[in-house]
Every structure is written in structure tokens, then in C-alpha cells.
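Asks: With these hints in hand, go ahead and build the complete structure from the sequences.
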Amino acid sequence: MLSHAETILNRMRGFQAFVEHLLPTSPTAATAKKRLQMLKLQDRGTLTPRECAELKRQIQEVCAAHGGINADELDLRLDNQDGRIAVIASIPVKAAVD
Amino acid sequence: MEAKSRQTEVIVVTSGKGGVGKSTTAANVGIGLAKRGKKVILIDTDTGQKCLDAILDLESRVVYNLVEWITGECDDVSKLLVRDKRMDSLFLISTSQTKDKKDVKPEDMVRLVNELIAKEEPDYIILDCPAGIEEGFKTAVAPANHVILVTNPEVTAVRGCDRVIGKLRAVVKTTGRQLKMHLVINKIDRVQVTRGELLDIGDVLDVLGVELLGVAPQDMRVSAATNEGKPIIYDSGSPAGTEFDNIARRLLGDVIPLPKTYAETAWLRRVLMKLGILRSSAA
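Protein sequences, first through last, are from chains B and F. The numbers in the working numbering rise by one with no breaks, and the one at position 19 of the first sequence is 19. Each position in the second sequence, counted from 1, maps to that position plus 1000 in the working numbering.
Note that these hints are calculated values from the structure, not bench results. A portion of the hints provided could be inaccurate.
As the list claims (entries may be wrong) - A few chain F residues that face chain B, going by a derived Cβ cut-off under 7 Å, partial list only: (1) Met1087; (2) Asp1088; (3) Arg1163; (4) Gly1196; (5) Leu1198; (6) Val1207.
Predicted model, so just to flag it, every value in this text is computed and none were measured. The C-beta atom is built at its ideal place from N, Cα and C for all residues, glycine as well.
Replies: Below is the structure:
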């Protein structure tokens, strides 16, 4: 048998939860999801983080030879494209200054 | 290597990471099925770290364990069966606490399951898998035609689960075995999900891509149930117990809707976010 005290306590918990919802929070669940998707790509792929860093360094080296490219801002990441894990590189091109 | 089974559903409950609630799920779902007249055999495959006997309060009734059947000390699979205290059609096969995982090979488990199906004709065999993806996992998965993956809405547990899914897909690909896969999200908390502190149902499904079978809430009564050796499904007021019962019913084909989100007052949160009172979380 659920005692009155327990019922009241449950109601209080419900109220406390309700009040807590109204307060601004810093949601970390979204971060968790993003990190998981990244971890999944790393775990499922055969490219180790070290190999990935090395690949990035080599691409930067090649890009540095081309004046129109901002090699320092080159971004390399793993992505899932239609179920296939791919390396996506974003190589920023320097904007022309008039 | 798959066990020959026409009517018997051979389910393995697995997770990758430990402590997510595999044995609790296996025991309670087994009871839920037995409650509805099904003959169920639970097999604890976690040699060296068994726990189903304690969850069911059957530790003093075990005569032979499965390692003794493999070594020949026990010559009859039927002698391994320990009838449950509360459910007449529920049986436990326990394992050894002193031997280790290497003492049970995948082919042993397939032979055990095949003999059980031939002699005992159960409706369900539920294998409680050890944590990890090593020998113990391979042994528990070997005879199964259905996998129930258990996870918690946390980065580490979901990652472990994804690793297991990868392993299972590889098994299907290389052997051509049929493996149904279902997911149970366990220990989820409504308040934490609403506050954005815990992954929601949709988040976990997006990452894992497996069909959902159940969502069991974080429930403090589960510890008390284990303390007493009386599984949570018998506690009619328990939210987790109710959901384990629902999972059993879904396995039997009952249509019991599953929630898409676990957030409480989601509409209120959305309104507050629209008004700029609450910060929205990045998609």
C-alpha cells in the first residue's frame, strides 16, 4: 500500500521536475550525440586518428605549394555518406582582394 | 553454426558494456513470457560472473551447471534445468562461477541449445551474454536467431552497443545467418532527458539504427528487487517492471506503442524556446 507520505513525496518530485524544466539548462545531450556520431565513425572506420592527422599534414604540405589556398585552415573530418565512411576535406581558398 | 530451431526462439541479450541491465532484462522478459504460458529456458552464459541465479533467488537450487555438462559430469541436459520458484514454465540453466569463459566454446553452446530444443521443446531460450566482445560473447551469440541489445542513454554505453552491432552485422555477412536485432533502452530518466542532460530515444536510435523494442525508465525499485531476489516485474507499481512486461508482450506480437521521445512537457519546452526563454540545444 502506497502511504500518503509517499504520494505527497511523489507529487513534490513531480512539481520539482516541472520547476526544473522552466530553468535554463546547458544541454549536454546534443554534445553527446555529436560525439557519439564521431566515435562511431572512428570505431567503424579503419583510418586511425593518427593516420588521419598524418593525411591532413600531407595534404597541407601539398596545398602550401599553391598560393591561392589557406593551408592552415584546412579541415579534415570523417563523415558518413550513404552508409559509407568518407574523409571530407574542406580546403579554404584565399579570397581575392580588390 | 546456428541452432536448428523450428518453433523455438533463441534470444541472446547482449550490450557490449557491462552494467547496463542485460541480466535484469533477460530475467524479467523471461518471466513476462512464462507468465503468458510460454515455456522459457534462461541460460546464464556469463561463466565466472554469473548473476541470473541471484536475481531469481535460485542459487541454492542449482544442482548441475552448464560447464559440468560440457565436461561430462552431467550426462543429461534436462538435469541442468532448475525450475523457477514462482513460474512453473520458467527454467534456469546456471553456469560455473569458478571456471572461465574459455571453458565454454561456441560449438558447445550450439550443441546445448540443440539438445534443449530436441528434449525440452521450449518456446523461448534466452541467453544472458557476458559484457565484452570476446570469447564469451561469441559463445552466447552462436546459437541465437534473435538479438536483444540493451543500452543506456549514455555515450559510453551507446558506443559499446554500436561496436556489438558492427560485430553482429559482420557475423550475418560472413555466415549468412538470420539474426533479428532489437534494442532496449534501459535506465532512461525523464527529467534528465527534458533538461537535455541525457540522450533521448530518437538520438540513440539515430546513432544505432536498430529497431526499438522497449524503453525502461531509471527505477530505484530495481535495486530493492535484486536485493530480495524477487525480479522487478512482480512489482506492479514499478515503471521499469511494467516496461519489461510490455517488452515480453511485444515479443509475443502484442502492439504496444513505443514513445518517440522521453522528454516531459516537450511542448512547454518548445514554447519557451520559441520565446527565447530557454536556450535551444543544437540539433
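Asks: None of the hints should be skipped; say for each whether it holds.
Replies: Verification of the supplied hints:
no. : hint    : result
1   : Met1087 : 25 Å, violated
2   : Asp1088 : 29 Å, violated
3   : Arg1163 : 6 Å, holds
4   : Gly1196 : 2 Å, holds
5   : Leu1198 : 6 Å, holds
6   : Val1207 : 5 Å, holds
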